[in-house]
Amino acid sequence: MSSPVICPAILSLLQKVAAGSGSLQLAQKAHACTIILGLNRYPLICSSLISAYSHFGCPALSHIVFFQSPSRNIFLWNSLLAAFAKNGCYRHALAAFHYMRGVSDEPPDGYTLAIVAKALAELSDSKNGSAVHSLVKRIGLCSDTVLANTLMLFYFKCDHPEAARQVFEEIPLKTVASWNALIYEHGGKEWELVREMQSRGVKPNGITVSVLLPLCAGRDSAGIILGRQIHCYIVRHELRFDSELHVGCCLINLYCKSGNLIMGRRVFERELRRNVFTWTAMIAGYAECGEFNDALRLFGLMNRVDGIIPNEVTLVTALPAVGSLAAIRSGKQIHGFAFRRYLNAETSVSNALIVMYSKCGSLGTARCIFDDGSWQKDAVSWSSVVSCYGIHGLGGEALSLFKKMCGLGIKVDCVTGVGVLSACSRAGLVKEGVDIFTWLVKDHGIFPSAEMCSCVVDILGRDGRMEEALQFIDSLPSEPKSCIWGALFSAAVSHCNEEIQHLAGEFLLRKEPENPSHYVGLSNFHASFGRWDVVEEVRRRMMGKGLRKSPGLSWIDLNGEVYSFCASDKSHLCSRWYSVNRIGIAGLIEH
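Residue numbers (mature numbering (1 follows the signal peptide of the UniProt record, and there is no 0)): -19 to -1, 1 to 572.
Please note that the accuracy of each hint is not assured.
Each pair of labels, with its calculated beta carbon distance range [claimed, not checked]:
| hint | residue 1 | residue 2 | range |
| --- | --- | --- | --- |
| 1 | R310 | S459 | 19 to 27 Å |
| 2 | V422 | Q49 | 26 to 34 Å |
| 3 | L196 | D359 | 23 to 31 Å |
Result set (DSSO-like, lysine-lysine): computed pairs, CA atoms no more than 30 Å apart in a straight line [to be verified]:
| hint | residue 1 | residue 2 |
| --- | --- | --- |
| 4 | K184 | K138 |
| 5 | K423 | K462 |
| 6 | K170 | K423 |
| 7 | K384 | K138 |
| 8 | K99 | K170 |
| 9 | K170 | K184 |
| 10 | K99 | K392 |
| 11 | K155 | K67 |
| 12 | K358 | K423 |
| 13 | K170 | K155 |
| 14 | K412 | K392 |
| 15 | K118 | K170 |
| 16 | K385 | K358 |
| 17 | K99 | K118 |
| 18 | K155 | K184 |
| 19 | K412 | K67 |
| 20 | K108 | K138 |
| 21 | K384 | K358 |
| 22 | K108 | K184 |
| 23 | K313 | K423 |
| 24 | K358 | K392 |
Bear in mind the hints are in silico, worked out from the structure with no lab data behind them.
We treat Cβ as the ideally placed atom computed from N, Cα and C, and that holds for glycine.
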């Protein structure tokens, strides 16, 4: 067969398409050229087109290119299977594989079976997966490491860890990718497997540490020490902080979750190639630590500094910070951005917008977003809008929406339960709240979360039924968490129940001895009865642990910038000007 004459322009066009760059229109032009020039008889060219259409999310066009090719070798079949799998069309990939087995004389290779195993893993098809594994053994591909790694992931997805471990042990040359697959899926044994991996002479890479770093995240001192050791390993072995491995994101998350925002920001600033994931991780770190102003400030910088366009995850991360500051102007700007980028059709973004508008006091806008039929609502959407009405004291409307949700057959979970129970609590709907809790636990088999139980205690406590609330706590199947005792303590304060207030306060101190607000609450309780010696003892215990109550802040939104103040605060640049003017204002008030 003679080679076709291809001009440089067409060749360049095909190379761009093969690289997955350009546009869908470019791919269609290349497709037209191949048909006009008769190039569709060459599998390599057709494979480039199939991959290009797959890149643009058009597996149906990939299918057309495949059937237009008269020469379908295993290379072309693999391109089609990969196009289906990449776009989540796993059943189509399996159907194409079965069709290939019926019409093609060429046996499947390791790449073919790896794609099929991945599709079966996503579908949790244990029976056909075992058949594929048998085929792998029959045609002698057990030594294919990539295929073996995919089979391991298939068995883990189908909840067969023993079979996955057996596949791993049968791999003759275990690469770091094989170990990573085992470590990633073998929850609870990560550190043991890493030690075994190193003892066999295999060094952890970026993916390995990306799996390990989230295990260290938190305020536990042992976890922080381990995280720092891994950070040292990363620096010592010069592991890349690139976008594929997300090592930088994991480090930012590690330090922010431990409360060390300075170190998290330092890692962020030293990233050479910051991407949307890096920026989102740092914004999330600020928001989780309560530094909402810094979170929004960073959100505003990401496009100006690095030209990074926020994605839906970034918006979902930034919107709670807006709600916490009630900065509705910033919220509207983010909403406008989401609308322009068509991100408001994403369920997670619309859910976050509902909560944000509710916290900013704009319940009507929150309801309009919920009623908009252009996006797919899930259980979180319904739970969010139910909670919104509860926060605003409209318990009747919250209950009505909850009943409508149940009537539509939407699955109810703990999040929904917390939303409707908190609505009942704020609206004083005692009987309805207790009945709903019983219905959720007994009829729906939902295990009562600590948040659900604290809502029930709050419902009973607000109504003055302190003994019932205490009996409810005693009847819980597990040890009550601090939020439950906190709800009882608040109710006892409201109803001046000295005995239960003291009991709940002592339990809170036992549960969270490092929380200064519990000491302050107990101190105030004893002070209200004039027991100054006990007050002194509680405060001494607090001071002995080096605890201080975080000061309450006042804030003002001025020209899009939020300014925070606390009592006797002199850190602000204009504090001296405020003091002088306060004296002048006081003089005017007197006169």
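Status of each hint after checking the structure:
Taking 19 to 27 Å as the suggested C-beta distance range, the pair R310 and S459 does not conform, at roughly 44 Å. Taken as a hint, the range 26 to 34 Å is violated for the pair V422 and Q49, whose Cβ atoms sit roughly 59 Å apart. The hinted window of 23 to 31 Å between L196 and D359 holds, with their beta carbons roughly 29 Å apart. Our distance criterion of 30 Å between C-alpha atoms is met by K184 and K138, whose separation comes to about 26 Å.
Between K423 and K462 the CA atoms are separated by roughly 21 Å; this keeps the pair inside 30 Å, and the hint holds. For the suggested pair K170 and K423, the alpha carbons sit about 35 Å apart, so the restraint of at most 30 Å is broken. As the CA atoms of K384 and K138 are separated by approximately 36 Å, the hinted pair breaks the 30 Å bound. Distance check on the hinted pair: K99 and K170 sit about 24 Å apart at the alpha-carbon level, within 30 Å; holds.
The hinted pair formed by K170 and K184 meets the criterion: a straight-line CA distance of about 17 Å does not exceed 30 Å. A hinted pair counts as satisfied when its Cα atoms are at most 30 Å apart, and K99 with K392 qualifies at roughly 29 Å. The suggested pairing of K155 with K67 holds, with an alpha-carbon distance near 26 Å, which does not exceed 30 Å. The straight-line distance between the Cα atoms of K358 and K423 is roughly 26 Å, inside the 30 Å bound, and the hint therefore holds.
Proximity of K170 to K155 is assessed by CA-CA distance (about 18 Å); at most 30 Å being required, the pair is judged to hold. At most 30 Å may separate the alpha-carbon atoms for a hinted pair to count; K412 and K392 meet this at roughly 23 Å. With a C-alpha separation of about 28 Å, the suggested pairing of K118 with K170 holds against the 30 Å cut-off. A threshold of 30 Å between alpha carbons decides the hint, and for K385 with K358 the separation of about 13 Å falls inside it, so the pair holds.
Distance restraint check for K99 and K118: the Cα-Cα separation of roughly 17 Å lies within the 30 Å cut-off, and the hinted pair is therefore satisfied. Of the supplied pair hints, the one linking K155 and K184 holds, its CA atoms being roughly 12 Å apart against a limit of 30 Å. With a C-alpha separation of about 52 Å, the suggested pairing of K412 with K67 is violated against the 30 Å cut-off. Between K108 and K138 the CA atoms are separated by roughly 13 Å; this keeps the pair inside 30 Å, and the hint holds.
Of the supplied pair hints, the one linking K384 and K358 holds, its CA atoms being roughly 16 Å apart against a limit of 30 Å. The straight-line distance between the Cα atoms of K108 and K184 is roughly 35 Å, outside the 30 Å bound, and the hint therefore fails. Restraint check for K313 and K423: the C-alpha separation of about 42 Å exceeds 30 Å, so the hint is violated. In summary, the hint linking K358 to K392 is supported, as the alpha carbons are separated by about 12 Å, within the 30 Å threshold.
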